[in-house]
Structures are given as structure tokens and as C-alpha cells.
Amino acid sequence: MAAITMKNIVKQYGDGFPAVNDVSIDVADGEFMILVGPSGCGKSTLLRMIVGLEDITSGDMLIGDRRVNDLAPRERNLAMVFQNYALYPHLTVYENIAFPLRLAKMSDDEVDRLVRDASDTLELNEHLERKPGNLSGGQRQRVAMGRAIVRQADAFLFDEPLSNLDAKLRGQMRTEIARLQKRLGITTVYVTHDQTEAMTLGDRVAVLKRGLLQQLATPRELYENPGNLFVAGFIGSPPMNFLPATVEGNQVKLPFGSVEIPAEKAERAAGKGLLIAGIRPEHFEDASLAAEDRRAGSTFSAKVDVVEWLGNETYAYIPFESPDEVKQQLQQLEKDLDGEAMRTQLVVSLDGASRIAEGQDAEIWVDGRRIHLFDPATGENLTVDRERAGRIPGAKVSA
Amino acid sequence: MQSDTKTKAGTAVGFVLILVWCLLPVAWIISLSFKGAAETAAGSPQFLPKDPTLDNYKTVLGVGNLSSGDAPDPAVSDDFLRALLNSFGIALVATLLSVVFATLAAYAIARLEFRGKRLVLSIALAIAMFPVVSLVGPLFDMWRTFHLFNTWPGLIIPYMTFTLPLAIWTLTAFFREIPWEMEQAAQVDGATSWQAFRKVIVPLAAPGVFTAAILTFFFAWNEFVLAISLTSTTGSRTVPAQLSFFVGPDPFNPPYGQLATASVVVTVPIIVIVLLFQRKIVAGLTSGAVKG
Chain A
1 MAAITMKNIV
11 KQYGDGFPAV
21 NDVSIDVADG
31 EFMILVGPSG
41 CGKSTLLRMI
51 VGLEDITSGD
61 MLIGDRRVND
71 LAPRERNLAM
81 VFQNYALYPH
91 LTVYENIAFP
101 LRLAKMSDDE
111 VDRLVRDASD
121 TLELNEHLER
131 KPGNLSGGQR
141 QRVAMGRAIV
151 RQADAFLFDE
161 PLSNLDAKLR
171 GQMRTEIARL
181 QKRLGITTVY
191 VTHDQTEAMT
201 LGDRVAVLKR
211 GLLQQLATPR
221 ELYENPGNLF
231 VAGFIGSPPM
241 NFLPATVEGN
251 QVKLPFGSVE
261 IPAEKAERAA
271 GKGLLIAGIR
281 PEHFEDASLA
291 AEDRRAGSTF
301 SAKVDVVEWL
311 GNETYAYIPF
321 ESPDEVKQQL
331 QQLEKDLDGE
341 AMRTQLVVSL
351 DGASRIAEGQ
361 DAEIWVDGRR
371 IHLFDPATGE
381 NLTVDRERAG
391 RIPGAKVSA
Chain B
1 MQSDTKTKAG
11 TAVGFVLILV
21 WCLLPVAWII
31 SLSFKGAAET
41 AAGSPQFLPK
51 DPTLDNYKTV
61 LGVGNLSSGD
71 APDPAVSDDF
81 LRALLNSFGI
91 ALVATLLSVV
101 FATLAAYAIA
111 RLEFRGKRLV
121 LSIALAIAMF
131 PVVSLVGPLF
141 DMWRTFHLFN
151 TWPGLIIPYM
161 TFTLPLAIWT
171 LTAFFREIPW
181 EMEQAAQVDG
191 ATSWQAFRKV
201 IVPLAAPGVF
211 TAAILTFFFA
221 WNEFVLAISL
231 TSTTGSRTVP
241 AQLSFFVGPD
251 PFNPPYGQLA
261 TASVVVTVPI
271 IVIVLLFQRK
281 IVAGLTSGAV
291 KG
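Just so you know, the sequences run in chain order A and B.
Take the first sequence: its letter number 352 is residue 352 in this note's numbering, and every next letter is one higher.
Take the second sequence: its letter number 230 is residue 230 in this note's numbering, and every next letter is one higher.
Simulated from the structure, these hints should not be mistaken for laboratory data.
Note that the structure is predicted; figures quoted are calculated from it, not measured.
Heads up, the beta-carbon is just placed ideally off N, CA and C, and yes, glycines get one too.
Do not rely on the hints blindly, as some may be mistaken.
[Claimed, not checked] Beta-carbon label-pair distances, calculated as ranges:
no. : chain 1 : residue 1 : chain 2 : residue 2 : range
1   : A       : SER58     : B       : ALA128    : 37 to 47 Å
2   : B       : VAL120    : A       : TYR13     : 19 to 29 Å
3   : A       : GLY133    : B       : THR145    : 51 to 61 Å
4   : A       : THR57     : B       : LEU119    : 25 to 35 Å
5   : B       : PHE130    : A       : ALA167    : 56 to 66 Å
6   : A       : GLY133    : B       : PHE15     : 28 to 38 Å
[What the hints assert, rightly or not] Sample of chain B residues lacking proximity to chain A, with all beta carbon distances greater than 10 Å (derived):
no. : residue
7   : PRO52
8   : SER77
9   : PHE101
10  : HIS147
11  : PHE218
12  : ILE228
13  : ILE270
14  : PHE277
[What the hints assert, rightly or not] Heads up, simulated DSSO-like pairs for lysine-lysine below, C-alpha to C-alpha not over 27 Å straight-line:
no. : chain 1 : residue 1 : chain 2 : residue 2
15  : B       : LYS199    : A       : LYS131
16  : A       : LYS303    : A       : LYS253
17  : A       : LYS327    : A       : LYS209
18  : A       : LYS168    : A       : LYS182
19  : A       : LYS131    : A       : LYS105
20  : B       : LYS199    : A       : LYS105
Generate the whole structure from the sequences, applying the supplied hints.
In C-alpha cells form, the structure reads like this:
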């Protein structure tokens with residue numbers, strides 16, 4: 001077991017394109033670290049540099065106290081689970097799991113003991129003599145994990161291990177991985193593009209965009225204090241709403257009306273002109289259902305376009321127009337997030353008891369304390385609470 | 001339902017027609033091999049032997065006594081068995097070397113990036129297309145100078161030249177099919193590049209290796225032009241070439257029965273080999289390696 005330290009890691013391909021650009025991440029011993037981001041953000045490249053399947057252009061990669069930049073994968077003592085499992089089809093499940101041990105020239109007794117141990121843990125006992133071709137997706141996934149846990153590796157690396165499973169199995173395996181990691185207490189780096197996996201599994205999450213580290217923080221910190229527009233839009237489902245806004249005193253002017261925000265936040269955003277306000281869907285509520293004392297001040301009335309009732313909650317969609325300056329920034333953001341939004345609209349999550357209907361003018365309450373304000377030019381979060389936002393590289397230290 | 005029956009009947013008829021078309025010459029050869037000398041010399045032969053005899057087999061293989069009570073002519077069987085040994089030896093060595101070299105070359109072509117990769121592949125293809133006959137003259141001269149004329153290597157080398165390109169192309173295609181992650185997984189599991197190649201890639205490429213081996217073996221086993229031009233004695237002459245020397249004592253009466261028998265004897269190993277290797281060529285061996 002060991003910590004993994006990445007110092008200013010750069011990966012440049014032949015054409016000069018930096019797939020990973022000056023990324024520094026420290027994974028503590030026993031920590032579960034998630035690398036997350038949309039496709040092409042360099043997260044898999046980074047993982048492959050840790051394990052040694054990609055060369056590192058510059059920077060230092062340390063496992064424990066050892067600099068491993070120039071070591072072959074087999075000398076790094078890491079275990080990896082590949083996206084498509086990469087099981088050896090000509091070997092039985094038993095031999096697949098035993099493969100790393102056989103390479104390490106262990107005695108047959110030792111191999112047998114360790115393989116049985118691993119197969120007990122993963123409940124693979126009845127499949128040991130079968131070939132991978134005859135197994136289901138979930139079983140193959142478990143064999144791949146068996147091959148990883150069977151040897152005493154310094155760390156586990158997962159490369160989108162659940163992306164080939166169907167939704168139900170994915171949920172089960174996710175819990176299984178979390179349980180296994182807690183039990184073995186082994187340093188883990190896990191790559192995913194799925195923000196649910198990132199939020200539920202990780203001790204800390206590193207959000208990457210186009211090879212650059214955006215924010216490195218705990219899931220809660222990422223959710224409550226996103227460092228910039230990208231992180232704010234990436235974490236959370238349905239995603240955070242972005243609205244054009246201007247600050248006047250303690251009031252934020254939104255397309256639907258004014259909302260009062262805490263003085264401290266207003267002060268940081270004062271005099272910056274047109275801003276982008278970020279409000280999560282669940283920080284809205286049907287005004288008639290919001291608690292009495294909270295109703296004051298921050299309600300507005302808007303025409304609801306579409307309503308989706310899910311039982312426990314209701315999503316209401318409210319279209320709005322935004323100025324070109326903001327629109328461009330939001331379109332770029334949408335592109336970065338691999339999304340394809342057709343129109344600017346507000347998504348509001350209401351209590352399931354809400355009776356708001358489509359086409360109706362609804363009275364909506366918004367929690368002014370939870371509004372974030374972003375600089376439209378840089379995307380930086382002006383109202384971030386730095387004490388509770390983990391590490392945000394590249395951000396100017398606010399006064 | 002009726003059209004179903006019709007389709008089946010049609011298929012069966014077509015099947016039989018094609019079988020007859022393909023196998024009639026083979027059946028004729030087999031039938032001929034059981035006919036005595038008198039019968040093959042007769043003016044109007046019939047398909048099946050009138051009185052079947054094993055004399056031809058005894059003569060060619062040099063065992064037992066003929067039906068006349070004489071011992072078979074040792075000159076015929078000695079030459080034939082010697083040629084059979086040459087055929088086996090040359091074909092096996094050519095196949096083995098060809099497959100080993102082709103496997104290594106194909107792996108490099110499929111996996112590594114190097115300058116002139118396309119050139120190597122194009123040249124290999126060009127060599128495979130080259131007409132064998134055009135090389136006979138130059139090779140004859142060269143082999144005499146190098147003292148390779150009428151030796152095993154004298155045939156093995158040109159056979160490899162012609163079979164390597166095909167083997168390389170076949171194997172490259174197979175290697176490209178194997179997910180690269182298989183090998184990376186092995187490396188992460190602690191294998192050296194060589195171990196990953198030997199323990200993971202080669203077993204997975206086995207169907208390709210066997211395909212290449214069979215193709216090479218067939219070529220070497222059946223080749224005639226080089227075999228007759230680059231040999232002068234039974235010291236290295238292979239069976240196809242040796243058959244052309246089965247003229248018998250009477251120039252107007254070739255020993256058709258013996259020729260047919262020799263043909264049957266050289267066909268049997270090929271059939272056995274195909275049936276043996278067929279089991280190895282299991283399609284879809286890689287299924288289950290990755291998510292299907």
C-alpha cells in the first residue's frame with residue numbers, strides 16, 4: 001500500500017497537443033480518488049500514466065517514495081481493472097485470477113490459497129473452471145476485480161469499470177467496489193465520466209477538463225462550492241441552472257425578478273457588471289409549499305412550460321431569454337460538458353406535492369443563500385467559499 | 001411448407017452435383033490404384049476395378065509379395081519412399097521456420113509503429129504475386145554456385161520466400177483482431193513483453209498460426225516447378241517431382257496404376273493434417289475476452 005503523488009504531470013502527444021497539462025494530484029495512502037470529466041479530458045491518459053502504459057512527457061510520478069516515471073508497468077506493483085475487463089479468453093477463471101501469481105513464480109499451494117481467497121470474496125467459486133466467454137457481464141467484471149485483488153498490489157486502478165454494465169448491475173457493482181475498497185483499505189484511483197459514481201464512491205474527486213485539473217475536493221465540497229462554471233455544470237443532476245444576473249446592493253437581478261443574497265456574497269460580486277448566476281434545481285420550491293418564514297423576499301412568478309412529475313419530486317421547466325454575452329459562454333460550457341442544450345431554460349425541482357401545472361403562472365421561491373455568481377469571462381466562481389472548496393488550481397486568490 | 005421441401009430438395013441436388021464434380025477425379029484415382037497393369041492397359045476400361053488388387057500399393061511401398069508371387073521391384077519403392085521422406089522433411093521445416101518468422105514479423109507489424117511499415121507489407125504482397133517460374137533460371141544458377149542445388153535447404157529457402165508473405169498477411173490480420181488491452185493487462189499483471197507475447201498473444205493467435213501453417217505446408221507439399229528444377233536425385237526430390245519419373249519399362253505403357261497409387265498415398269497425409277488442425281482452428285476463440 002502506498003500513496004500516489006503526481007507532480008506537474010504533462011502528457012504531450014506527437015502533434016504537440018497536451019492531453020494532460022500540468023496536473024498535480026496527491027492520493028493519500030488508502031484513499032479512494034476519483035478522476036472525472038467529460039470524454040477527452042485526459043482522465044484515462046492520466047490513469048495510464050500512473051500504471052505505466054503511457055509515457056510521461058514531464059513531471060514526477062511517485063508511488064510511495066519511489067519515482068516511477070521510467071519503470072515498466074510490471075515494476076510498479078499496481079493492479080488495474082480495464083474498461084472492457086481484458087480477461088484472457090483462453091484461460092479459465094481460476095487461471096485468469098492466478099495469472100499475476102504465476103508470473104510472480106509462486107508455489108502452487110500459495111496460488112491456490114490466494115485464488116480461493118479472492119474468489120470467496122467475490123463469490124466466484126462456482127465459476128472457477130469456466131472460461132470468460134461463458135460468463136455474464138457482471139461475472140466478467142468480478143473476475144477482472146479478482147485478478148486485481150489477488151496480489152498484494154500497492155494500489156488499485158479502475159478505468160471506467162462499470163460503463164459496460166446495464167444500469168441495475170452498475171448500481172450493485174458500485175456498492176460492491178465501495179465495500180471492497182473500504183475493507184481492503186487500499187489506495188484506489190478510479191476513472192469515470194459518470195458523476196453519480198464520482199459522488200458516491202470517492203473520498204475526493206478530481207475534476208478534469210481538456211487536460212487541466214479544475215478542482216480537487218470532496219464530493220460535498222464540489223457540490224456546494226464549485227470552483228468554476230465547468231465544475232458547477234458537471235456535478236449534479238439535473239445540472240445547475242445558469243442565468244444572466246446583475247448585482248445591485250444585496251439584490252441579484254435575474255430574468256424573472258430580484259432575489260436577495262447574503263451581503264458577503266453581494267460584496268464580492270459588486271461592480272462586475274453582467275454575471276452568471278448558478279442555482280441548483282433543488283434550491284427552488286413551490287412558494288406555497290416553502291416554509292412560512294423563508295417565503296419572504298425571494299419569490300418570483302414565471303410561466304411553466306413543461307412539468308415532469310416523478311412522485312417524490314416534480315421537475316418544472318421555465319424557458320427564458322439571455323443576452324448574447326451570456327449565451328455564448330453557456331453554449332461553450334454545454335460543448336465542454338458533451339451536452340446539446342437546444343434552448344436556455346430553468347429546471348426547477350419542486351416537492352412532489354406541488355400542484356403547479358403546465359402553462360400556468362407559478363409562484364416560485366428561491367433560496368438566495370445558495371446562489372453562486374460566476375464571472376462570465378473567466379467562468380470563475382466569485383462567491384466560492386475557499387475554506388470549503390478543496391483545491392482550485394489556476395484560480396486567483398481572492399482578497 | 002411445400003416451398004420449404006422444394007428448397008431442401010434443391011439444396012440436396014446441388015450438393016450432390018458439386019460433390020460428384022469435385023470428387024469424381026479422386027474416386028477415379030482411387031479406383032485406378034486398385035487395378036492391375038493388364039486392366040489399365042486395356043482399350044476400354046470400366047470405372048470400378050474388375051478384380052481389385054493391392055499390387056500397386058505393394059510395389060510403391062515395397063512391402064509383401066505381388067499376386068504373381070514375385071517380390072515388388074525395390075527400385076520403385078526405394079525412390080518413392082525416399083521422395084516421401086524428402087517431401088515431409090522439406091514441408092515441415094519450411095512450415096516451421098515460416099510460421100515462426102511470420103509470427104514475429106506480423107506481431108511487429110500489427111503492434112509497433114516504425115518507418116516503412118507499409119513498404120514491408122507491400123513488398124511482401126508483391127513477392128507473393130511473383131510467378132514462381134520466372135525464378136527458376138536464376139535460382140538454378142545461384143544454387144549451383146552456392147552448392148545448394150539438390151539439397152533440402154535449396155528447396156526450403158524458396159518455399160519460405162513464397163509462403164512467408166501470405167503467412168505474414170494472415171497473421172497480421174489475426175494479431176490486429178486481438179485487443180491490445182489484453183497485452184497491457186498482462187504487463188500490468190507483471191509480465192515482460194516477451195511473457196505477454198508468449199502467454200497471451202500467441203495462444204490467442206493460435207487459429208491464425210495454424211491457418212498460416214496449413215497454407216505453408218500445402219504449398220511446400222504440392223510444389224512442382226521448383227522441386228523438379230532444383231533437384232537432380234532422390235537425395236532431395238519431393239514426391240510431386242518424383243511422380244514424373246514413374247515411367248516404367250515400357251514408354252508406350254506408363255504404369256498408371258502405380259501413379260494413381262502414389263497420388264493416393266501423398267494425398268492421405270494432407271487430409272489427415274487438415275482434419276487434425278481443423279480442430280485447432282476454432283473460430284471465436286477470443287470471444288469473452290472483452291465485452292461482447
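Comparing the hints with the structure gives:
Taking the beta carbon of each, A/SER58 and B/ALA128 are about 46 Å apart, inside 37 to 47 Å as hinted. Between B/VAL120 and A/TYR13 the Cβ separation comes to about 25 Å, which falls inside the hinted range of 19 to 29 Å. A/GLY133 and B/THR145 have their C-beta atoms about 55 Å apart, which keeps the hinted 51 to 61 Å range intact. Take A/THR57 and B/LEU119: their Cβ atoms lie about 30 Å apart, and the range 25 to 35 Å holds.
B/PHE130 and A/ALA167 have their C-beta atoms about 57 Å apart, which keeps the hinted 56 to 66 Å range intact. Separated by about 32 Å at the C-beta atoms, A/GLY133 and B/PHE15 satisfy the suggested range of 28 to 38 Å. The claim that B/PRO52 lies off the interface holds: its Cβ sits roughly 48 Å from the closest Cβ of chain A, which is beyond the 10 Å cut-off. No beta-carbon of chain A comes within 10 Å of the beta-carbon of B/SER77; the shortest separation is about 45 Å.
For B/PHE101, the requirement that its beta carbon stay farther than 10 Å from each beta carbon of chain A is met, with the minimum near 23 Å. Distance to chain A confirms B/HIS147 as a non-interface residue, since its nearest Cβ pair spans about 45 Å, more than 10 Å. With a closest Cβ-Cβ approach of about 26 Å to chain A, B/PHE218 is found to remain outside the 10 Å limit, as its non-interface label requires. The non-interface label for B/ILE228 is consistent with chain A: the shortest C-beta to C-beta separation is roughly 43 Å, beyond 10 Å.
No Cβ of chain A comes within 10 Å of the Cβ of B/ILE270; the nearest lies about 28 Å off, and the non-interface call holds. The Cβ of B/PHE277 sits about 17 Å from the closest Cβ of chain A, beyond the 10 Å cut-off, so the non-interface label holds. A C-alpha spacing of about 16 Å is found between B/LYS199 and A/LYS131, which places the hinted pair at or below 27 Å, so the restraint holds. For the hint linking A/LYS303 to A/LYS253, the alpha-carbon distance of about 18 Å falls within 27 Å, and the restraint holds.
About 20 Å separates the Cα atoms of A/LYS327 and A/LYS209, which keeps this hinted pair within 27 Å; it holds. Taking the CA atoms of A/LYS168 and A/LYS182, the gap is near 22 Å; set against the 27 Å cutoff, the hint holds. About 23 Å separates the Cα atoms of A/LYS131 and A/LYS105, which keeps this hinted pair within 27 Å; it holds. Restraint check: the Cα-Cα separation between B/LYS199 and A/LYS105 comes to about 14 Å, which is no more than 27 Å; the hinted pair holds.
Hint compliance for this structure: every hint is met.
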